[in-house]
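Asks: In case you want the letters, here they are:
Number of protein chains: 2
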Amino acid sequence: LSAHIHSISFVGAGNVATHLAQAFYASGYTISGIYSQGKASSSELSAKVNSKICFTIHELLLQTDLVIICVPDHEIADVLEALVPSDALVVHTSGGTDLTVFKEKLTNYGVIYPLQTFSKTTLLSLRDVPFCIEASDREKLEELRLLCTSVSDKVMEINSYQRKILHLSAVFACNFSNSMYAIAADLLMKADLPFELLHPLILETARKATTHPPSEVQTGPARRSDIATMKTHEAMLKTSELYREIYILLSKTIQAQSDETQ
Amino acid sequence: LSAHIHSISFVGAGNVATHLAQAFYASGYTISGIYSQGKASSSELSAKVNSKICFTIHELLLQTDLVIICVPDHEIADVLEALVPSDALVVHTSGGTDLTVFKEKLTNYGVIYPLQTFSKTTLLSLRDVPFCIEASDREKLEELRLLCTSVSDKVMEINSYQRKILHLSAVFACNFSNSMYAIAADLLMKADLPFELLHPLILETARKATTHPPSEVQTGPARRSDIATMKTHEAMLKTSELYREIYILLSKTIQAQSDETQ
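Chains A and B, in that order, are what the protein sequence lines are.
Residue 1556 in this note's numbering sits at position 116 of the first sequence, with consecutive numbering throughout.
Residue 1622 in this note's numbering sits at position 182 of the second sequence, with consecutive numbering throughout.
It should be emphasised that the hints constitute simulated quantities derived from the structure, not laboratory data.
Honestly, I wouldn't trust all of these hints.
Where chains are identical, the list cannot tell them apart; a pair therefore holds if satisfied intra-copy or between any two copies.
[To be verified] As a list, the in silico DSSO-like pairs of lysine-lysine whose alpha-carbon atoms are at most 30 Å apart:
| no. | residue 1 | residue 2 |
| --- | --- | --- |
| 1 | K1692 | K1671 |
| 2 | K1488 | K1648 |
| 3 | K1594 | K1630 |
| 4 | K1543 | K1678 |
| 5 | K1630 | K1648 |
| 6 | K1594 | K1488 |
Go ahead and model the full structure; you've got the sequences and the hints to work with.
Replies: Spelled out as C-alpha cells, the structure:
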C-alpha cells in the first residue's frame, strides 16, 4: 500500500469509478466516500466497496487521503467549481483534460488515466491495463505510482500532451474499430446472417495487431489494389450513403498506408 | 474422411492455399499436386504437405479428386481459361466470386470460403473458423461438407449473394478495423509513445464484440455527444487531412448508430 494514501473517495459512480473503486478496495484500500448525482449508481457502488455515500463534495474532502474524479470531461469544471481550496490530493481520470485544470484551487493534484474500455457488467483484471499518471510534484507522483502499482503492472508517467494523443489514438483503435464491427453486424443482419460468423476474424485481427505492426499485416481488396472488388462493394453499398463514403475513404487510407510501407 | 474425396490439389500457394493444404494434410487427405506461378512458394508448400509440383493445370486435373483454386479474385478467370472441360470437382475460395463462374466449363463445382485472415507466418487452428460452402448439386455439397468438417466445427451452406455480403462485412470488421489500429500506431509513434499501450484496449474491444452487439457497447466522445472533445481531436488532426476526414465521418456514423439503438 501507498505510504500516505490509505483512504480513497470517488466523485462519480459510473464505469470508471466502479472498476477503480473495486480494484483498490480489493487491494486493501479503504473507500471512504462516494459522491455522485446518480443516486442509484452511488448506492450500488457504495454497497460493493463498503463505502459511505456523501452528499456534498466538501464532505468527501474532509475524510479522505485522495479524491478520484470520474465524471465525463465536460463535468470536471462543475466539480472544480464545487471544490473549496484544499490541501487534499485530488486527481481526475480524463484522457483529454490537462493536469493544470486543478492549478487555481489546489496545491496537490494529479491524473490517473487507465487506458481501457470499461463496462459495468464486465469484470476485468486491471493487471495488464496501462495506468498513465501525472502529478503536481515528484512526491505526489510517487504516491500515485505506489497506489496504481497495487492494481496494475503497467504504471507509467506521461505528460498531458502525450495523454491527449493517447486518448485520440484510443478513439481510433477502440471506438472506431467498434463502429466498424457495428456496420458489419448491420450488413449481416440485413442478409439474415449471424454476426457470430465474424467473431473468429475479429479476434484474430485484434490478436495480430499485438504481435505485428498493423500496417504490415493489412489485408483486403484495398491493400491488394483489387479495383474490381472495391467497385463491386461500393455498388453493394448504394443503399447506405454513409457506409459507401466510409468504404471509399478507408480504402483510400489503406492504399496510402501501404504506399508508405512498401 | 469424405467418401469420394481422398486426394486434393491446389492452384495457388499463397496464404489461403498454405493453411488449407496443411490442415487437410494433417486430417489425413493426400495433397496430390500444387500448381502455382510463384515457384518459391509452390516448392515451400509442396515440401510441407508432401505433394508434387505440377507445371500445368491439366496435369493437376488428371490425378486428383478435388481442385481448390486459391488465387486472387481477378486471376480466377485466367485459371478457368486454362481448364479443359472436365468432370473433376473444382472449387474456388473467393468471398466475392459467384458459384456460376464455373458453369460453362465444368459440371461439378463449388466454393469453400474459410472466413479468416491468414498470414503464412501465423499457424492457426481452423476448428473455430467458419467454412462457408456452396456446390453445383446436393451430392457435391455433402462431399464438401464432409471434407470441411474434418478441419472445422463450423461448416455452413450459404449462397453466393450471402457470401458476397459476408465478404463485404469482413472488409469492415477486419480490414477497416486494422486500418484504425494502423492510424492509432502512427499517431502514437509521432508522439514517442509505444503502440503496446493500446494492446489491452484493442483486445478487450474485440472480445466485447463477441459477447455483446457492438452498437450496444459503443463508447467514446461521439457516443456521448461530447462535442468539445471531438472539436479538440479534430484540431489535433489538422496536420493529416485524411485522418481528420475519417474522424469526422466515423463520429457522424457513431452518432447515427446510437440514435438508432436509443
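Asks: If a hint holds in the structure, say so; if it doesn't, say that too.
Replies: To see whether the hints hold, each was checked on the structure:
1. In this homomeric assembly, K1692 and K1671 come within 30 Å of each other (Cα to Cα) both inside a single copy, at 13 Å, and across copies, at 24 Å.
2. For a Cα distance limit of 30 Å, the shortest separation of K1488 from K1648 across copies, 23 Å, qualifies, whereas the shortest one inside one copy, 37 Å, does not.
3. Taking the shortest Cα distances, K1594 and K1630 sit within 30 Å of each other only across copies (21 Å), while inside one copy they are farther apart (42 Å).
4. Proximity of K1543 to K1678 under the C-alpha cut-off of 30 Å is restricted to the inter-copy arrangement: shortest distance 29 Å between copies versus 52 Å within a copy.
5. With identical chains, the CA atoms of K1630 and K1648 are at most 30 Å apart both within one copy (29 Å) and between copies (22 Å).
6. Taking CA atoms no more than 30 Å apart as the test, K1594 paired with K1488 passes inside one copy only; the shortest distance there is 25 Å, against 41 Å between copies.
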